[in-house]
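Visitor: Here is how the chains run, residue by residue.
Number of protein chains: 2
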Amino acid sequence: MSTKMDVSHSSLPVRFSQRRQFTSELAISFLMQQAVENPLVISLAAGLVDPQTLPVAEVLQATTEMLASETVGKGALQYGTTAGYVRLRRLLLDHFAQLEKCSVEQLGIGIDRILLTTGSQQLLSLVCEVLFDPGDICLVAGPTYFVFAGNLAGVGARTVTIPSDEHGMQIDALDQALNVLHQAGDLPRVKMIYVVSYYDNPAGTCLSEERSRQLAAVAKKWSRDHQIFILEDAAYRELRYDGPEYPSVWSMDESREQVIYTQTFSKTFSPGIRVGFGIVPSALVQPLADRKGNEDFGSSNFAQHLMAGVLQQGLYASHLVDVKHGYKLKRDAMLIAAKKYFSKLPGVTWRHPHGGLYVWMSLPENIPTSFRSDLFRRAVEAGVMYVPGEICYADSPDSRPNHQMRLSFGVQTPEGIDEGMRRLSIAVQSCL
Amino acid sequence: MSTKMDVSHSSLPVRFSQRRQFTSELAISFLMQQAVENPLVISLAAGLVDPQTLPVAEVLQATTEMLASETVGKGALQYGTTAGYVRLRRLLLDHFAQLEKCSVEQLGIGIDRILLTTGSQQLLSLVCEVLFDPGDICLVAGPTYFVFAGNLAGVGARTVTIPSDEHGMQIDALDQALNVLHQAGDLPRVKMIYVVSYYDNPAGTCLSEERSRQLAAVAKKWSRDHQIFILEDAAYRELRYDGPEYPSVWSMDESREQVIYTQTFSKTFSPGIRVGFGIVPSALVQPLADRKGNEDFGSSNFAQHLMAGVLQQGLYASHLVDVKHGYKLKRDAMLIAAKKYFSKLPGVTWRHPHGGLYVWMSLPENIPTSFRSDLFRRAVEAGVMYVPGEICYADSPDSRPNHQMRLSFGVQTPEGIDEGMRRLSIAVQSCL
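In order, the protein sequence lines correspond to chains A and B. If you use full-length UniProt numbering, the first sequence corresponds to residues 1 to 432, in order. If you use full-length UniProt numbering, the second sequence corresponds to residues 1 to 432, in order.
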């Protein structure tokens, strides 16, 4: 086992684990540092939620009610269980049934399938921990959620990128890729297919109903000797502003054993409370809970009680209406600004998302957008920042498309979005 | 890489990771199940804190104040940084300086060395992740904190047990063990020495000043080609009821690069809020933060803001006085009951802890205390439960002492403790 030595800090070197070698700093840290060093920059990079939407009054109401009862309050302040607060899990099952437009009974699962986590990020990380050895394979879309690509790298997983279009991952290409892996004898190493099924981070697309159905079928087809799971990351599901309302990939799996579904309240309510959850196949319930038990015994019980109150008192539902209204205006502002400033620039195109927080823009292929590119430097000089498309691919750095940008409309005001897009267009124009 | 198949749940087997094979269910889960199935049992097993002490009024005051300000409230509800809330880290540095009886300047470190975690458990887990490959070695006391033994097993680490006595780990034996490892060529695999330095879980002992000094020296002596870290778990440090006040192992390391120090507010304030922290050598700051970033982006920012308010408003200090007063009475109740019910039983001895939550009791060596023993069954029948000493050893199951018990006085009332001890003595007597 190779052990890299690190002599940078102390006089004695440290022998780190192999896992440490696999783990890299999140790209987001670089962006945050840039933001700190350039405080006047308009960030279209940050995936933070709009500070205006943060529900201070709702949380005050929920905590006050929770702590008004000595019994409930003490329950929230004591240790919880690793899997999470039972009342919240019941409420989440109801909530999930609403999203699935069916009754709880029709879901066909109980609360034992629900695992509460510190944001959905922890669920993504736990899934990697229990399934992947170094060299195991995950199929992902290109582009994909870059933080999850880091999780896969962190356990030494290999990734295979499947092209995507305006309807999400191309399932024909997925099927072909699995066939290639099969021919190469690599099928036993294939553990999972990862999709952000609603208003994808970064591409803004939804997986269409037809694609979801095909995805479930293809995963089943290639699950020959062992289960190939689908990890459905539905972080943005509830941030729908218009357009069709698609069923989940989860709903396409009648066995309820194939899809790991995850969602979070970070985008729709508050990332600071840090409550996410997974709905998981029965075979993964205990392995995921065991890993989580070893990692932290369970997420903040207080935060879980708080979210239970927020859901039960109807504070979440009413807040979501406001949040969606605000984000829709911002989405519109970004699309209007894109048309205003970019439509005359040759070779520049962008997607029109029906929800979520991101617009995915492509430049001519000869204009790199990476952190080290001219464009990124000029953009920061012009006072605007974006996420380079390059980091949203899990391929080896050489073969990644490098002419795209993820533009977030979550944080800025509509006016800030307009000004940010204006500045960005100046930087782009100077590179054309 | 071996891959065990699991066919228990779905029709198709699942190929889990090696890490999954290493990870086992926490023993605590078995105890909780026993408690659920035997609701009338008096648990002297649970390491929960006394529900009577849970600070509902204090938390209400702190949250109300926090959410009264839109700015502070929104800060708490937004994403935080992976390392944790800066104001809380400043307060923790002050707090730590108080415990170390010196000024912040004299500590010789800044807030960049503090990492906030989901309980101190997450810090323990992260340290294992960044340092240990399968086969790497950690030296631990016998007995030791059994959950951490699970963390070590979870990364495939080997453990070497060092005997302990009423002053904690025996440093002469530690030195000898390291020499044996050196002779065997295993020194490069030695990554760490783990100690619970204050009111040990389970043994109730403190590492004396002399031992702490020797421990730091021995770790330094054997850190020849690489740093051998000491992980000082100070979870119970502030639960001191009487007896001497020892300096930390951390204070013995003038380089500030050798000791990973961790503490939590779970025992002294509220485990449900789930805030712990580590003070770590500079070489580990980035590796630990990177791992944590991959696992969850940071613990609940809301919970961290809450704890900052609790500390700053003096609510923690006043609450701690009450908590210690209550636990001291319970500690006394347990020692009085031990004397009353066990002093006539031949070969039964127990430690007298000056703090923490546990009394460590030894029976004659021919009386096993394990989950499968006659004694455990008879104890549950008599209506009382304890933690078998056996699970508090990290050795291979065959070579573990199996005639001891960890008795917790945290949860029960003084009357419940007396009754629990009475029932336990009946079960023990029936096995003598």
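Think of the hints as simulated: they come from the structure by calculation, not from any bench. Mixed in with the good hints, there may be bad ones.
[Claimed, not checked] Here are the simulated DSS-like cross-link-like pairs (lysine-lysine), alpha carbons at most 27 Å apart as the crow flies:
1) A:328 x B:74
2) B:101 x B:340
3) B:101 x B:328
4) B:339 x B:328
5) A:340 x A:324
6) B:340 x B:328
7) A:101 x A:328
8) A:74 x B:340
9) B:339 x A:74
10) A:324 x A:339
11) A:344 x A:328
12) B:74 x B:220
13) B:324 x B:344
14) A:74 x B:101
15) A:324 x B:344
Visitor: Decide, hint by hint, whether the structure agrees.
Guide: Checked hints:
Of the pairs offered as hints, the one joining residue 328 (chain A) and residue 74 (chain B) holds, with about 21 Å between alpha carbons and a cut-off of 27 Å not exceeded. Restraint check for residue 101 (chain B) and residue 340 (chain B): not satisfied, since their Cα atoms lie roughly 39 Å apart, outside the 27 Å limit. Restraint check: the Cα-Cα separation between residue 101 (chain B) and residue 328 (chain B) comes to about 23 Å, which is no more than 27 Å; the hinted pair holds. For the hint linking residue 339 (chain B) to residue 328 (chain B), the alpha-carbon distance of about 17 Å falls within 27 Å, and the restraint holds.
Between the alpha carbons of residue 340 (chain A) and residue 324 (chain A) the distance comes to roughly 24 Å, so the proposed pair stays at or under 27 Å and holds. Between residue 340 (chain B) and residue 328 (chain B) the alpha-carbon distance is near 18 Å, which keeps this suggested pair within the 27 Å criterion. With a CA separation close to 23 Å, the supplied pair residue 101 (chain A) and residue 328 (chain A) stays within the 27 Å bound. Under the criterion of a C-alpha separation no larger than 27 Å, the hint pairing residue 74 (chain A) with residue 340 (chain B) is inconsistent with the structure, at around 33 Å.
This hinted pair does not check out: residue 339 (chain B) and residue 74 (chain A) have alpha carbons roughly 33 Å apart, beyond 27 Å. Between residue 324 (chain A) and residue 339 (chain A) the alpha-carbon distance is near 22 Å, which keeps this suggested pair within the 27 Å criterion. Of the pairs offered as hints, the one joining residue 344 (chain A) and residue 328 (chain A) holds, with about 25 Å between alpha carbons and a cut-off of 27 Å not exceeded. About 46 Å separates the Cα atoms of residue 74 (chain B) and residue 220 (chain B), which puts this hinted pair outside 27 Å; it is violated.
For the suggested pair residue 324 (chain B) and residue 344 (chain B), the alpha carbons sit about 30 Å apart, so the restraint of at most 27 Å is broken. Of the pairs offered as hints, the one joining residue 74 (chain A) and residue 101 (chain B) is violated, with about 33 Å between alpha carbons and a cut-off of 27 Å exceeded. Between residue 324 (chain A) and residue 344 (chain B) the CA atoms are separated by roughly 71 Å; this puts the pair beyond 27 Å, and the hint is violated.
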